Amino acid sequence: MTNNQDLMLRIRRMTKVFFPGTSNEKIALNRLNLDLKEGEFVTILGANGSGKSTLFNAICGTIELDDGIVILDNDDISWAKEHKRALHISRIYQDPQLGTAPNLTIAENLALAYTRKASPSLFPLNKKDHRFFREQLSMLEMDLELRMNTKIGLLSGGQRQAVSLVMEIISQPKLLLLDEHTAALDPQTSARILEVTNKFVRSAGVTTMMITHNVQDALTNGDRTIVFSEGKIIHDYYGSERDKLDPNDLQRLYG
Amino acid sequence: MTIAQVLSALQLGLLYGILALGLYIPFRILNIADMTVQGTFTMGMIIAAVFAYNDLTFLGILFAIIGGALSGVVTGILHTKFNIPSILSGILTMTGLYTINLIIAAGKANISLIGKNTIYSSFNSLFNNEMVTKTLVTLVIVVVVTVAIAVFFHTRTGLTIRATGDNAAMVRHTSINTDNMNIIGLALGNAMAALSGAMICHYNLFADVNSGTGILVVALAAIIIGETLFRRNGVTLGLISTVIGSIIYRFIIAIALKFDVLPSYALNLISTIIVIIALMFPTLKDARDRGKKKRLHKELADYWLNDENNLQTVKPESANEFRTDAVNDINMVETMEEAKDD
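Residue numbers (this note's numbering), protein chains in the order written: chain R, 841 to 1095; chain H, 24 to 365.
Simulated from the structure, these hints should not be mistaken for lab results.
Bear in mind the structure is a predicted one, so any value in this text is a computation, not a measurement.
None of the hints are false.
Per label pair, the in silico range of CB-to-CB distance:
1. PRO942(R) to LYS308(H): 16 to 26 Å
2. MET303(H) to ASN989(R): 33 to 43 Å
3. LEU986(R) to ASP283(H): 58 to 68 Å
4. LEU986(R) to PHE229(H): 49 to 59 Å
5. GLY257(H) to GLN1028(R): 27 to 37 Å
6. LEU162(H) to GLN1028(R): 49 to 59 Å
7. ASN233(H) to GLU904(R): 40 to 50 Å
8. GLY257(H) to GLU1035(R): 30 to 40 Å
Under the rule of at most 20 Å between Cα atoms (straight-line distance), these lysine to any residue pairs were calculated in the SDA-like manner:
9. LYS1072(R) to ARG850(R)
10. LYS968(R) to ARG179(H)
11. LYS1014(R) to SER198(H)
12. LYS104(H) to THR902(R)
13. LYS924(R) to ALA191(H)
14. LYS104(H) to GLU904(R)
15. LYS924(R) to SER198(H)
16. LYS104(H) to GLU922(R)
17. LYS957(R) to SER198(H)
18. LYS967(R) to PHE175(H)
19. LYS921(R) to ALA192(H)
20. LYS921(R) to ASN106(H)
21. LYS921(R) to ASN200(H)
22. LYS991(R) to ALA173(H)
23. LYS104(H) to HIS923(R)
24. LYS957(R) to ARG179(H)
25. LYS967(R) to THR178(H)
26. LYS957(R) to HIS177(H)
27. LYS967(R) to ARG179(H)
28. LYS1014(R) to ILE909(R)
29. LYS921(R) to ALA191(H)
30. LYS877(R) to HIS1075(R)
31. LYS1072(R) to PHE858(R)
32. LYS104(H) to ILE903(R)
33. LYS924(R) to ASN203(H)
34. LYS991(R) to ARG255(H)
35. LYS921(R) to THR103(H)
36. LYS924(R) to ASP202(H)
37. LYS967(R) to THR180(H)
38. LYS924(R) to THR955(R)
39. LYS1039(R) to GLN976(R)
Using N, Cα and C, we set each Cβ at its ideal position, and we do this for glycine too.
Excised from the complex, chain R in its bound form (with noise of 0.2 Å):
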């Protein structure tokens, strides 16, 4: 691969083993290797329990890790506290509730999201930043830009997926974490989340990295596909060869 310096992320012997010594001991991830460039847009694929949210977690600091380096933009973060790591990673998960506190305006949401970037001011909502919220809203075109004062809470699944995915970006991170965002969502406003997404990621050249369940959606979206079994990446596509694959044979690696 390419010149270590240029990578966003390097993960080596990452490892988790829940209840060890039990007879329910299970090996979340197992001595694994990944590395990822600036802007890549990686999307994950493996069956439930193969390690997939363990390794976002372990990347987020949710979960400490048995043993394992993980070095975001030459930075060794492995043993950082989560809410430091989290200036630099964002994450949206599957479920519309955790990303967004349901009693806060959108605009209150935002500014929340936006606190670590924007210039410091008393109070969070000024004029200069209501405009930026009203702007980036805009870029979904849900209307959500004319009810910036409505409660979180009030708003539907894949409208509230929609503001998480506007704070995540507005916040500049170094690496963006997709828990398959768009999984509780309809499909039509899947697709919908899921078009936005690629607009956000590209135009701010984020390395991100997207867990989803839908193998179309792994190969349309990014570029570089990664297959977890039991803690381990057993494939990795990219380029020509990724071109070539066919949703088929990948839905097979699942059976």
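Put chain H on the given structure of chain R with help from the hints.
Chain H in isolation, oriented as in the chain R frame:
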């Protein structure tokens, strides 16, 4: 009720309103039932009394607030940094504070301020009427405090604290330390409880290390009455309705004691019953509405089932009431769903 009684109920309502605000912040904004408040209320009282006794009237209020805030920080650290459940952290700090309060009071269980300078006596020359001074000074302080807290919760830090109570995981993913936000919120709440205690000490010219007993229910009553009357709204309205709830609570107590049905030491029992009734209210109302609908439904079912022809005819009068309710419910659900779909 005489004017004097009305004014004294108003004054007490406002004074305990600050305490209720102190509980509102952890209880409703952070979602933590903070028991520390009981200890910090007394602490505020004792600190204010000791300072006022030594003629440092205003400095005493300031130190009471600082003492309350520090106690809140202790509870916050126990809860967030050492993962002790919030209710237990509060109880631990509260229990420890009992001794600390006695130490501040130099081992005395109570302190009298009769003949000493208080925040009220300092302003007495302005109005020449004790009742007017007490009302106005209290009112001004309560308004200033409420506005200050409301403004604070619209600043960047305030917004983060509100979000922490709403969805802590999301705030952590925004790269904000939720531990610190909880600690700030608890410090603010307990500072308010201590301020309330300090002012009540100046008001009654008396401080007692046991005066915290039952104080949590008083604050809870104010919050619940406010919410029962004004619903749960945004933070600013929540703060205002809590203070109003506290005033209403004082009027209920004043009336209850006026009739001399119960002796004055029955205060805690009365408070508890008021809170229980206020908390049961929504459930009782639902049960009553449901019972009413069920009865009407039975009537209609009998009418429709007895004769097939009745299905085509005009319904009995009671049916209209039933239908309106049902139709209103359907309309409401639809409106809500439309709002969601938009």
